[in-house]
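Engineer: Okay, here's what each chain looks like letter by letter:
4 protein chains.
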Amino acid sequence: MYSIFESEVRIRPDDIDVNNHVHSSRYMDYVLAARYDQMENNYKMSMKEFLEKNLTWVISDVHLSFKRELKLEDKIVTVRTQIAEVGAAQARVNFWILKKENGKEAATGYFLYTLVSTVSGRPVRIPPEIVEKYSI
Amino acid sequence: MYSIFESEVRIRPDDIDVNNHVHSSRYMDYVLAARYDQMENNYKMSMKEFLEKNLTWVISDVHLSFKRELKLEDKIVTVRTQIAEVGAAQARVNFWILKKENGKEAATGYFLYTLVSTVSGRPVRIPPEIVEKYSI
Amino acid sequence: MYSIFESEVRIRPDDIDVNNHVHSSRYMDYVLAARYDQMENNYKMSMKEFLEKNLTWVISDVHLSFKRELKLEDKIVTVRTQIAEVGAAQARVNFWILKKENGKEAATGYFLYTLVSTVSGRPVRIPPEIVEKYSI
Amino acid sequence: MYSIFESEVRIRPDDIDVNNHVHSSRYMDYVLAARYDQMENNYKMSMKEFLEKNLTWVISDVHLSFKRELKLEDKIVTVRTQIAEVGAAQARVNFWILKKENGKEAATGYFLYTLVSTVSGRPVRIPPEIVEKYSI
Numbered sequence: 001m002y003s004i005f006e007s008e009v010r011i012r013p014d015d016i017d018v019n020n021h022v023h024s025s026r027y028m029d030y031v032l033a034a035r036y037d038q039m040e041n042n043y044k045m046s047m048k049e050f051l052e053k054n055l056t057w058v059i060s061d062v063h064l065s066f067k068r069e070l071k072l073e074d075k076i077v078t079v080r081t082q083i084a085e086v087g088a089a090q091a092r093v094n095f096w097i098l099k100k101e102n103g104k105e106a107a108t109g110y111f112l113y114t115l116v117s118t119v120s121g122r123p124v125r126i127p128p129e130i131v132e133k134y135s136i
Numbered sequence: 001m002y003s004i005f006e007s008e009v010r011i012r013p014d015d016i017d018v019n020n021h022v023h024s025s026r027y028m029d030y031v032l033a034a035r036y037d038q039m040e041n042n043y044k045m046s047m048k049e050f051l052e053k054n055l056t057w058v059i060s061d062v063h064l065s066f067k068r069e070l071k072l073e074d075k076i077v078t079v080r081t082q083i084a085e086v087g088a089a090q091a092r093v094n095f096w097i098l099k100k101e102n103g104k105e106a107a108t109g110y111f112l113y114t115l116v117s118t119v120s121g122r123p124v125r126i127p128p129e130i131v132e133k134y135s136i
Numbered sequence: 001m002y003s004i005f006e007s008e009v010r011i012r013p014d015d016i017d018v019n020n021h022v023h024s025s026r027y028m029d030y031v032l033a034a035r036y037d038q039m040e041n042n043y044k045m046s047m048k049e050f051l052e053k054n055l056t057w058v059i060s061d062v063h064l065s066f067k068r069e070l071k072l073e074d075k076i077v078t079v080r081t082q083i084a085e086v087g088a089a090q091a092r093v094n095f096w097i098l099k100k101e102n103g104k105e106a107a108t109g110y111f112l113y114t115l116v117s118t119v120s121g122r123p124v125r126i127p128p129e130i131v132e133k134y135s136i
Numbered sequence: 001m002y003s004i005f006e007s008e009v010r011i012r013p014d015d016i017d018v019n020n021h022v023h024s025s026r027y028m029d030y031v032l033a034a035r036y037d038q039m040e041n042n043y044k045m046s047m048k049e050f051l052e053k054n055l056t057w058v059i060s061d062v063h064l065s066f067k068r069e070l071k072l073e074d075k076i077v078t079v080r081t082q083i084a085e086v087g088a089a090q091a092r093v094n095f096w097i098l099k100k101e102n103g104k105e106a107a108t109g110y111f112l113y114t115l116v117s118t119v120s121g122r123p124v125r126i127p128p129e130i131v132e133k134y135s136i
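Chains as they are written, first to last, in my numbering: chain A, 1 to 136; chain B, 1 to 136; chain C, 1 to 136; chain D, 1 to 136.
Isolated chain A, as found in the complex (with noise of 0.2 Å):
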């Protein structure tokens, strides 16, 4: 079983759309904030880290279910993310989007990652050093 792991996002007025909610793609800005942190402040890798070893993250697929709309008077949102499952190349890892202020969810979802080589293009197999920071 895999830790589960959260970060805070504010929301901006430039993420509120004409229906005057946040608006769908910013959700996944979201997640992708919250990943940044974990990756740094969790697992203790960051991105800038992967990128000195050649290597990236590629975001191959997403599933987001929206359940409740965020506003502006949200003010923060809980990301909370978790590894589903680690492959050959590629990590799911879920999410939870929660009104920080009720713990209501707005959003579930997950995104299945692959891991790439920035000098090949090509996924490439995940490092046992980086399956084992990612066990916890």
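Since the hints were made in silico from the structure, they are not lab data.
The structure presented is a predicted model; accordingly, all values stated were derived computationally and were not measured.
Certain hints may be false.
Calculated lysine-lysine pairs in the DSS-like style (CA-CA distance at most 27 Å, straight line) [stated by the list, open to error]:
| no. | chain 1 | residue 1 | chain 2 | residue 2 |
| --- | --- | --- | --- | --- |
| 1 | A | Lys48 | C | Lys67 |
| 2 | C | Lys100 | C | Lys44 |
| 3 | B | Lys99 | B | Lys67 |
| 4 | B | Lys100 | D | Lys100 |
Listed next, with one range per pair, are the computed distances between beta-carbon atoms [as the list claims (entries may be wrong)]:
| no. | chain 1 | residue 1 | chain 2 | residue 2 | range |
| --- | --- | --- | --- | --- | --- |
| 5 | D | Glu85 | A | Glu101 | 22 to 32 Å |
| 6 | A | Lys71 | D | Thr118 | 39 to 49 Å |
| 7 | A | Lys44 | B | Glu69 | 22 to 32 Å |
| 8 | C | Glu49 | D | Lys71 | 19 to 29 Å |
| 9 | B | Asn54 | A | Pro127 | 51 to 61 Å |
| 10 | C | Pro128 | D | Glu85 | 41 to 51 Å |
All residues carry an ideal CB built from backbone N, CA and C; glycine is no exception.
Put chains B, C and D on the given structure of chain A with help from the hints.
Structural biologist: Here is chains B, C and D on its own, set in the frame of chain A:
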């Protein structure tokens, strides 16, 4: 069988991210831009007309599969959409994002939309005249 | 002399552009986010309360001077704002965007806001009770 | 006297903000999109070619005057730009954002650009061949 419609979207410098590619969440924005365009020009009922009837389409689910990176040099994407299924209050729309220059797929996926009353905030049965407009 | 207030804004991955820096237009978004925050928490009259009185602040002029690039690694910016001048229907607000870690200036400038009636769409004289709230 | 060039930019749903208008910072993005387009098509030296010579244009100052709100229904804006002045390491570019449909001004202003070496990170004198390209 439902018709396939297509719209062109020009890639903007502010869509490009830290990896020199179109940021993943912008793919959603491209599909949404194409939908607005096609609602008005192909289905002959713009989002504005829905709002005037106290109705709006809310996104319930999104699935995106990324196939190829997009760069600023790709300039223009062609976004094709096709209704896959119309239910009581929901419509599923498949999409394909292609590089205009060579027709290569950059991403595919679907949006599940729910018709919602802007008065009650609750899902409503899709009226027959809208089902008909969407049956082309 | 008007008070200087400050807010923190976290840099998000989707703010980063093709040059690996915060995209220039995001600096405006950071100031706008800080203003919303300070209207509510420092001036004790949120944008929502203005709208409830059929008033809104519209941006008439913006000036931005860029001093230093911001990167994702800078993580958090401090946005300071200070009212410079309150006229009949307009208020000029100076701002400073600083890197939180070392206090170095990333940008400075001002926003000229006009108070507008949401009913008539026209500028209105700033009511005395608002002038007072802004005189701290 | 320098030439005026123009580009069209389509307003996207994700550009619209909480007030149902194009968000103020997006005006900057529209000008930047027009500049990329005009560098390539009018000045015949794309940003990519600058980067290949280890040069880049950095924005030093921006001034925006907002004249009229833009809505999604305005669909397309025309962005005109004209070089106002070319100095040792800097170029000032005036811009006008117009509603395509009726030619009415939505915003005007200028960008002050500085030519910077991507190797040293410092301003460099604009080479004569670039001054010439920009003298049309």
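Engineer: Work down the list of hints and note, for each, if the structure agrees.
Structural biologist: Here's how the hints hold up against the structure:
For a cut-off of 27 Å, the pair hint linking Lys48(A) to Lys67(C) stands: about 24 Å separates their Cα positions. Taking the CA atoms of Lys100(C) and Lys44(C), the gap is near 25 Å; set against the 27 Å cutoff, the hint holds. At most 27 Å may separate the alpha-carbon atoms for a hinted pair to count; Lys99(B) and Lys67(B) meet this at roughly 11 Å. With a C-alpha separation of about 24 Å, the suggested pair Lys100(B) and Lys100(D) falls inside the 27 Å cut-off, and the hint holds.
Distance hint for Glu85(D) and Glu101(A): a CB-CB separation of about 52 Å, inconsistent with the stated range 22 to 32 Å. Judged by the Cβ atoms, the range 39 to 49 Å given for Lys71(A) and Thr118(D) holds: they are separated by roughly 42 Å. Between Lys44(A) and Glu69(B) the C-beta distance comes to about 28 Å, which sits within the given range of 22 to 32 Å. Here the CB-CB span from Glu49(C) to Lys71(D) is close to 25 Å, well matched to the stated 19 to 29 Å.
Checking the proposed 51 to 61 Å range against Asn54(B) and Pro127(A) shows it holds: the Cβ atoms sit about 56 Å from each other. Against the hinted window of 41 to 51 Å, the Cβ-Cβ separation of Pro128(C) and Glu85(D) comes to about 44 Å, which satisfies the hint.
Of the numbered hints stated above, the single one contradicted by the structure is hint 5.
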